[in-house]
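Residue numbers (the working numbering), protein chains in the order written: chain A, 18 to 216; chain B, 18 to 216.
By construction, these hints were calculated from the structure, which means they are not laboratory data.
The reader is advised that the hints may include incorrect statements.
Each pair may be met inside one copy or between any two copies, as identical chains are not told apart.
Restricting the straight-line Cα-Cα distance to at most 20 Å, the calculated cross-link-like pairs of lysine to any residue (SDA-like) are [to be verified]:
| hint | residue 1 | residue 2 |
| --- | --- | --- |
| 1 | Lys-75 | Leu-207 |
| 2 | Lys-75 | Arg-198 |
| 3 | Lys-123 | Ser-102 |
| 4 | Lys-126 | His-95 |
| 5 | Lys-75 | Ser-59 |
| 6 | Lys-126 | Glu-166 |
| 7 | Lys-75 | Glu-199 |
| 8 | Lys-144 | Ile-45 |
| 9 | Lys-75 | Arg-27 |
| 10 | Lys-75 | Tyr-206 |
| 11 | Lys-75 | Arg-209 |
| 12 | Lys-123 | His-95 |
Number of protein chains: 2
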Amino acid sequence: MYLNVLIQLRQDGPSTASSATVGQLTEINPAQVRRDLTHFGSFGRRGIGYDVTTLIDKIQQILGSDHTHRLVLVGAGHLGTAIASYDGLRRHGFIVSAIFDADRRKVGKRIGDVIVQSIDELDRTLKDQAIRIGIIAVPPDAAQEVADELAAGGVRVMLNYTPQVVNVPEGVQLHNTDPVRELLHTLYYLSRLEGVARV
Amino acid sequence: MYLNVLIQLRQDGPSTASSATVGQLTEINPAQVRRDLTHFGSFGRRGIGYDVTTLIDKIQQILGSDHTHRLVLVGAGHLGTAIASYDGLRRHGFIVSAIFDADRRKVGKRIGDVIVQSIDELDRTLKDQAIRIGIIAVPPDAAQEVADELAAGGVRVMLNYTPQVVNVPEGVQLHNTDPVRELLHTLYYLSRLEGVARV
DNA sequence: TAGATTGTTAATCGATTAACAATC
DNA sequence: TAGATTGTTAATCGATTAACAATC
Numbered sequence: 018m019y020l021n022v023l024i025q026l027r028q029d030g031p032s033t034a035s036s037a038t039v040g041q042l043t044e045i046n047p048a049q050v051r052r053d054l055t056h057f058g059s060f061g062r063r064g065i066g067y068d069v070t071t072l073i074d075k076i077q078q079i080l081g082s083d084h085t086h087r088l089v090l091v092g093a094g095h096l097g098t099a100i101a102s103y104d105g106l107r108r109h110g111f112i113v114s115a116i117f118d119a120d121r122r123k124v125g126k127r128i129g130d131v132i133v134q135s136i137d138e139l140d141r142t143l144k145d146q147a148i149r150i151g152i153i154a155v156p157p158d159a160a161q162e163v164a165d166e167l168a169a170g171g172v173r174v175m176l177n178y179t180p181q182v183v184n185v186p187e188g189v190q191l192h193n194t195d196p197v198r199e200l201l202h203t204l205y206y207l208s209r210l211e212g213v214a215r216v
Numbered sequence: 018m019y020l021n022v023l024i025q026l027r028q029d030g031p032s033t034a035s036s037a038t039v040g041q042l043t044e045i046n047p048a049q050v051r052r053d054l055t056h057f058g059s060f061g062r063r064g065i066g067y068d069v070t071t072l073i074d075k076i077q078q079i080l081g082s083d084h085t086h087r088l089v090l091v092g093a094g095h096l097g098t099a100i101a102s103y104d105g106l107r108r109h110g111f112i113v114s115a116i117f118d119a120d121r122r123k124v125g126k127r128i129g130d131v132i133v134q135s136i137d138e139l140d141r142t143l144k145d146q147a148i149r150i151g152i153i154a155v156p157p158d159a160a161q162e163v164a165d166e167l168a169a170g171g172v173r174v175m176l177n178y179t180p181q182v183v184n185v186p187e188g189v190q191l192h193n194t195d196p197v198r199e200l201l202h203t204l205y206y207l208s209r210l211e212g213v214a215r216v
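Starting from the given sequences, assemble the full structure and let the hints guide the process.
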């Protein structure tokens, strides 16, 4: 969130930002902003605030997005295509190294600079290249199988874009991003809004 | 999360689940599971556990996904197409009522049961139909403009799929789901993992 | 009756925030 | 010097969890 806001500020704002400014844009308490940042170091100047560019650099260092990271994408459907062609990935140093799909008709298709490969080649690719990040954008049924193959191939961090509950071995980080979960969350707020309106 | 896990349990598990079972699958402390549920009512039976089907019903009532909800989708690119054709939406009672895009070439295209309309018709559509949920899947530059139009048209809950920081009027719920944010989050864990490995 | 498991209390733990000295 | 704003302490607040009586 901070990175997003700061990149925005760099474009059109002054070169310096206070915790109050950042707090307003992120809807986070200014004291919280300062505390979050000081957890990693002392980046501001008393009486002045934070230099936007410097702070962006620092946060990128902390996150590790100051250098590039290759990843594999499994699933070349609509979602996979959206992820692969998403410009923001490259802007933050992510390189889609290879794309795999089980569907023969999708193999050979070009997405951005990458040609979709058969899922059968996933194993070998992971052995040849040391890739640590994998994105799962396959039908829910196949999610666990893909996760197993990725883990076996040395992938340490997975982003699961299916609603399927996936089990991974210890030492592997799994992050779930289910679009429906987000919508259901949304819906809960909507119910409450309308509930309030009805009363 | 609970809903996901319970739907999974309904498929292949026994008809009853304890807070320990749910806790294991969600990696949430059993006491937390019980506390979360009792916040909305008393759904379990001492000595027995929770009836899976009943609990699913209750959670769907709480979330509001026990009846259908129409939504509009703005943006018919890869991401929009992925969202619109995602089966899970319908399964949870979401109906993609209309899809809009600014790109003339996409207007008239069919995604699922819906024909993509020109963004110029968004205003009228929102006036004609009382739609409360909007999904923003457009290029970042256009996000704010779309949000403004949605808000003006009576949309109360928005899901923003762009990395753009979007401002909405009071009373409108905005949820951000930036895929890059998720990846950067992931990256932080990866840096830490590798940092530990290096030491 | 014995074992299992909930709902809930009480204790713990951690996160948030107000406040302020330090300092630009 | 006066105003602004950080970094950090101390106080507050809320979330998590252990423990257990209630009860199936």
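Results for each hint:
1. Lys-75 <-> Leu-207: between (38 Å within a copy, 17 Å between copies)
2. Lys-75 <-> Arg-198: between (32 Å within a copy, 16 Å between copies)
3. Lys-123 <-> Ser-102: For Lys-123 and Ser-102, the Cα distance is within 20 Å both inside one copy (16 Å) and across copies (17 Å).
4. Lys-126 <-> His-95: both (13 Å within a copy, 15 Å between copies)
5. Lys-75 <-> Ser-59: Intra 10 Å, inter 48 Å, cutoff 20 Å: intra-copy only.
6. Lys-126 <-> Glu-166: neither (22 Å within a copy, 37 Å between copies)
7. Lys-75 <-> Glu-199: between (30 Å within a copy, 19 Å between copies)
8. Lys-144 <-> Ile-45: Intra 43 Å, inter 34 Å, cutoff 20 Å: neither.
9. Lys-75 <-> Arg-27: Within one copy only: 14 Å inside a chain, 47 Å across chains, cut-off 20 Å.
10. Lys-75 <-> Tyr-206: between (35 Å within a copy, 16 Å between copies)
11. Lys-75 <-> Arg-209: between (40 Å within a copy, 16 Å between copies)
12. Lys-123 <-> His-95: both (11 Å within a copy, 15 Å between copies)
Of the hints listed earlier, those the structure fails to meet are numbers 6, 8, in rising order.
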